[in-house]
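Q: Dock the two chains into a complex; use the hints.
Chain by chain, the residues:
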Amino acid sequence: MTAAPDLEAIVLAPLVGIGRRFLFLAAALLAVVLVGAGAYALQLAEGLRVTGMADTQNKQMYGIYIINFVFFIGISHAGTLISAILRVTKAEWRLPITRMAEFITVVALTVGGLMPIIDLGRPDRLLNLLMYGRWNSPILWDFFSITTYLFGSLIYLFIPLIPDLALCRDRLAGRVSPPKRAFYEIFSVRWRGTPLQWRRLATALTVMMVVIIPVAVSVHTVVSWIFAMTLRVGWNTAVFGAYFVAGAIFSGTATLILVMAILRRTFRLHAVIADRQFTNLGLLLAGLSGIMLYFNLSELVTVGYKLEEGEGFFLDSILVGAFAPWFWAYILGLASPAILMLVPKTRSFWGVIVAAVVVDVAMWIERYIIVVATLRVPQMPYTDLANYLPSAVELAITAGAFALFALLIAAFTKIVPIVSVWELRHGAPASRAAPEAMPAAAAVQA
Amino acid sequence: MREAPAGPEGRTEGGAPPIARRDLFRRAASAAAVAALVGAGGSSASGVEAGSRVRRWAMVIDLRRCDGCAGLGVPPQCSQYCNWGRFVPEGQQWLEVFQRELVADGPVAGAGYLPAPCMHCQNAPCVNVCPVGATFHAPEGTVLIDQSRCIGCRLCMAACPYDRRFFNWGEPVQPAQVRETAYNVVTQTPALRGTVMKCDFCTDRAAAGGLPYCVEACPRGAYWFGDLETDVATNGEEVVALSKLLEENEAFRFKEELGTRPRVYYINGHGEEAPRATAHESAFLKDRLEWPWREIAEATA
Ligand code: SF4
Ligand code: SF4
Ligand code: SF4
Numbered sequence: 001m002t003a004a005p006d007l008e009a010i011v012l013a014p015l016v017g018i019g020r021r022f023l024f025l026a027a028a029l030l031a032v033v034l035v036g037a038g039a040y041a042l043q044l045a046e047g048l049r050v051t052g053m054a055d056t057q058n059k060q061m062y063g064i065y066i067i068n069f070v071f072f073i074g075i076s077h078a079g080t081l082i083s084a085i086l087r088v089t090k091a092e093w094r095l096p097i098t099r100m101a102e103f104i105t106v107v108a109l110t111v112g113g114l115m116p117i118i119d120l121g122r123p124d125r126l127l128n129l130l131m132y133g134r135w136n137s138p139i140l141w142d143f144f145s146i147t148t149y150l151f152g153s154l155i156y157l158f159i160p161l162i163p164d165l166a167l168c169r170d171r172l173a174g175r176v177s178p179p180k181r182a183f184y185e186i187f188s189v190r191w192r193g194t195p196l197q198w199r200r201l202a203t204a205l206t207v208m209m210v211v212i213i214p215v216a217v218s219v220h221t222v223v224s225w226i227f228a229m230t231l232r233v234g235w236n237t238a239v240f241g242a243y244f245v246a247g248a249i250f251s252g253t254a255t256l257i258l259v260m261a262i263l264r265r266t267f268r269l270h271a272v273i274a275d276r277q278f279t280n281l282g283l284l285l286a287g288l289s290g291i292m293l294y295f296n297l298s299e300l301v302t303v304g305y306k307l308e309e310g311e312g313f314f315l316d317s318i319l320v321g322a323f324a325p326w327f328w329a330y331i332l333g334l335a336s337p338a339i340l341m342l343v344p345k346t347r348s349f350w351g352v353i354v355a356a357v358v359v360d361v362a363m364w365i366e367r368y369i370i371v372v373a374t375l376r377v378p379q380m381p382y383t384d385l386a387n388y389l390p391s392a393v394e395l396a397i398t399a400g401a402f403a404l405f406a407l408l409i410a411a412f413t414k415i416v417p418i419v420s421v422w423e424l425r426h427g428a429p430a431s432r433a434a435p436e437a438m439p440a441a442a443a444v445q446a
Numbered sequence: 001m002r003e004a005p006a007g008p009e010g011r012t013e014g015g016a017p018p019i020a021r022r023d024l025f026r027r028a029a030s031a032a033a034v035a036a037l038v039g040a041g042g043s044s045a046s047g048v049e050a051g052s053r054v055r056r057w058a059m060v061i062d063l064r065r066c067d068g069c070a071g072l073g074v075p076p077q078c079s080q081y082c083n084w085g086r087f088v089p090e091g092q093q094w095l096e097v098f099q100r101e102l103v104a105d106g107p108v109a110g111a112g113y114l115p116a117p118c119m120h121c122q123n124a125p126c127v128n129v130c131p132v133g134a135t136f137h138a139p140e141g142t143v144l145i146d147q148s149r150c151i152g153c154r155l156c157m158a159a160c161p162y163d164r165r166f167f168n169w170g171e172p173v174q175p176a177q178v179r180e181t182a183y184n185v186v187t188q189t190p191a192l193r194g195t196v197m198k199c200d201f202c203t204d205r206a207a208a209g210g211l212p213y214c215v216e217a218c219p220r221g222a223y224w225f226g227d228l229e230t231d232v233a234t235n236g237e238e239v240v241a242l243s244k245l246l247e248e249n250e251a252f253r254f255k256e257e258l259g260t261r262p263r264v265y266y267i268n269g270h271g272e273e274a275p276r277a278t279a280h281e282s283a284f285l286k287d288r289l290e291w292p293w294r295e296i297a298e299a300t301a
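Here the protein sequences line up with chains A and B, keeping their order. Residue 238 in this note's numbering sits at position 238 of the first sequence, with consecutive numbering throughout. Residue 5 in this note's numbering sits at position 5 of the second sequence, with consecutive numbering throughout.
Pulled out of the complex, with its shape left as it was, chain B reads as follows (with noise of 0.2 Å):
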């Protein structure tokens, strides 16, 4: 069964009941995620305001803006961001900058840069696939993993038409601050064992008026992070309409014709104003990302 996101009024992307979508997170929440993600009335810690309305959180990436960091010579700045803010577990990149021919059999050669972080599917093929509920919508229709009820039969990550699903096959290697500290859904720390882990859209942040760790990393303003909901977004420095942006600039989701109908949008532009010149591709540093956890548990053992 597919289940639609839904706002309280009744509003959804795909024509199921509003009482569908509730039903759904009621079942797949475990307690300690109703409990982090509901909060005890008014506004809370997800953004989440009751009795009214609830954010429907999007990202749109401009690909005219993105050249993989190569220019700077560094690496992505965005998964380097996201690795160390969210103590992601070695090897795995949530956010993944893929190097990809601009246009295949094309007079135009070369790369472009393609960011990929969890696409936040409204029709989801790994909460579908769940068996457990362990991988669920929250309220703002972004798509979380509960580590705590997670049974590792990587079913989701086959699914998953995006490769956006990452597992711990051993014991995760983080800080003994973060290892310390009580399991939380939202931001998925500490990791555990056997269990999935992805982009979890870092609603914790946003919910705080922050931005994602991307969005702020990114040092040529290529991700944009808004609310369908209240129609905004920003990428740090401006504050635009997200229908606007997306509207202008023919905003397309990845893989659209999948049906997974995706939270994250990308610009693709005329060929415009685009850096992603061929000239330092071999500048492109991903193979440089960092996770410092081994030293810093070496460094405080």
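Pulled out of the complex, with its shape left as it was, chain A reads as follows (with noise of 0.2 Å):
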């Protein structure tokens, strides 16, 4: 770990000015976004025509949106993993890197939590939720959930934040512009780094990190239930639940190493952010890729060797018809990181980097499977159906959420550190008995 003074000086660093190519950068992202909001625009006056949806042709009645949801909000499952279980495991290397992992969580349910709505028919109605929602429907139980980990995770991210907000608020006074100096004043809190202030903040972050893992656990459950509570083949199985968090850790994990590696390059964080952090996240992945593989193997034989009707027809479509290119990329993906890992020459940071990409594409790709290749399996006699294919405007959307996901984290990084400084210093809170003990206190003051 580096001198403090340093650790201070690469941290703050970005916060202040805003370069030409962050400029750049933001007004490219911003273009997309607001590409897909012109779409989405076009879709709210024309209606959800204007997507490659249908059910007279298709029989789809959701599509790439649908998709999007379930993989923004899996990977939303960054933050929680490393910052919340690992911070009950006490894994002290995941401390440079748990301030990003908070903010994706944000971010991607943000991003996640959108998709739906656009989805909707009738957004103009999204209020009935609230005045007429049953709790029977598995609709109502994402609302809720997904809502709650949202506030869940805003305010987990909040409290380590706050000395951090202070460390920016006495060192960057004279630096940034008056309403920065105003945000950092007004969610500083008035912390003064006083003992009784850090036991606070280690109570607060004892009873967050303990109570956002089942929230964390219940989203992902629940999301799976909107497919796993219909009659469907392909949906209508207990394993579902399981299956889908370990899916979203596994993409969460990796988009968090693809973030990483992204802004440790652009803030030159290498004395920060070391290799090991890579190869430690890559080791995760590896054995997230064996839990995923035997999900898949298990609901593969289980179906296969009985092979129901429906349950026939979904298999040879994505064993060797035409959804066979996407299911067997999809299981190369998964093992990917397992493959990668075990051999001790990938066993890199370039080879990590490798893993996350393929493992973030690989599922997206699942999700394309569970959502199209599954309706496309059929529950009457058709003779003809045709195939789903995204509509531009589907296509601009999409484009847009992406954009908008990458534009709020590079926004992100202009105002709040994106390591936390105290945690790097002084190790985890929960950890320490007699926090009085923090010099960060005689720092901060300072």
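Since the hints were derived computationally from the structure, they do not count as laboratory data. Hints may contain errors.
Short, incomplete list of chain A residues facing chain B, as computed with Cβ under 7 Å [claimed, not checked]:
no., residue
1, Asp55
2, Lys59
3, Leu120
4, Gly121
5, Asn128
6, Tyr132
7, Ser137
8, Leu140
C-beta: ideal position from N, C-alpha, C; glycine also.
A: Take a look at the structure:
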């Protein structure tokens, strides 16, 4: 670990001033977001007929929006895993990356949560969910589970941010614009680093990290239950809850690796985030890839052995039929982290990066199979059902969503420290019995 | 939670107490729906008789008689009359006649026909998953949709094991006189954009003493419509005891094993008197069904 002044300088540097490169990037992302917003405006005006979804031609009542929904909610598990699970297990190597993980969670939930709203036929009636909501419906479970997770994650992001915001307030006073100064002033909630404050911070963090884990698990479980509560082939399975949670952590970890790599390069954080963090996350990916392969195997074998009519059609389509290229790409993607991490030569930074890219793509494909390939299974004796292809509007909105994700992360790096300075200096507060001993109190007051 | 239907005397088909039924309905139906269905006491437009027995509408489709109207060389008339009579938006087939292999891997080759309206499931997956109670059971056990409440999430479409639900992806085209009427939950008029529609069992017609369009339209008398409560059914020509019709013909329900408990029954027969010949398969003219709304709208514009 580097000496305190260096650490501070490195982490606080991005918060001062905005470079040309950043402006250019932000403008490009914003442009894509605006294209997506324009596409949504068109969809609002014309109705969902501007999408590739249809019922009379292809019985495709869900499409790319729901694929993206599951994908983004999935990667939101990055934060919970890294900051809560690893915090609980006191894995110290997570310290430099918790902040990024938590922010991915909040941003992914925001973007993911927009997706089903974009998918609604009557977004103007969204409030009906509150006025007439029925607890019998999985949609309501999702609505409350995801909003709980979002607010929980915001709190969980905010609490460990307080000492760092106070640091910004004290260190950057003369170097940032007045609104930003006011932001640090307000959100550092009069943090002075007193022993009492440290104690409260530790308690709040302990409570939150325990509370947030079941909430996170519940989120992806109920997302899977939207599917699993129906009688459809490929959806009607008890394995879905666990499968979705594992898949969420899998893709969440992969996304975290990619965001970390980009930020480390952009802000020259090599002194703070070592290759060790990457290889550790890579090993985590490898372990999860085993779990994912196991889930797939157990589902395929139990269903394929008996080969009910609809299941037979489904297996045929994914194993050798129209969806086979997608399915096998997905399986290969699942296996790749395990392979890359087993071979000593690729157990490196770049090996991990490759694995992370492959996993994110594979997990998007998984959701494509879950939404599109299953809906292809005819429930009635159809003779000719058309294929689903996303329309230009759907693609534009999807591009907008991914750009929004990147834009929010980029904006975040300019507002708050992307690495938790105080945690890195002093270790997790929960593991300390005597917060008074923390020199940070003195440092911040100085 | 799964709701079971029950009459006011506590008759149930699934063991749930009748109070649960009524609670569900009260919660599920909008004020408009309640007013339309329950009426101001006495006999109402939907066949609910206050303080007495409640209709339990049912349909029986005799597959021995259906030949998809191929013998007549016309599109399936049940679908066609449903389209015309219910102002079904273009492309939707609330009642779709499917062609299916008669006996897979068997010695008898050729196609049979399977007309499929909404099954009006008593344990309806669509009702169970609706987040806002826009899909609900009317007191007679029919499944209706309140399009003025539906948020268009389409989970009900994913949940329906019979693919019997349709979505208004764009602005539905309907004749001006339909579009201008006040919204009616029983007849689903006018159709509203971004909401789900399906067969409503024509209970407005049944309550007025008539028969659903599809039942009336069938040239071969394959449809029976009736009331499980008073145990009668008619195909427009004969009147029979519904229970006897079901029992004597070993009637079954489609995908019975799913436990959806439909109100639509089928009679398969044992190969006797079946006009579902292979000879005129090519004359099955489902693709010539009409939805004349666009032309009407253009002509009146
Ligand atoms: S057939 Fe489908 S739409 Fe009709 S009641 Fe059953 S589940 Fe609902
Ligand atoms: S689409 Fe409408 S009727 Fe169907 S589940 Fe959603 S809100 Fe209910
Ligand atoms: S009962 Fe009415 S709405 Fe249903 S299929 Fe027959 S005609 Fe159409």
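Q: Of all the hints numbered above, which does this structure not satisfy? Sort the numbers upward.
A: none
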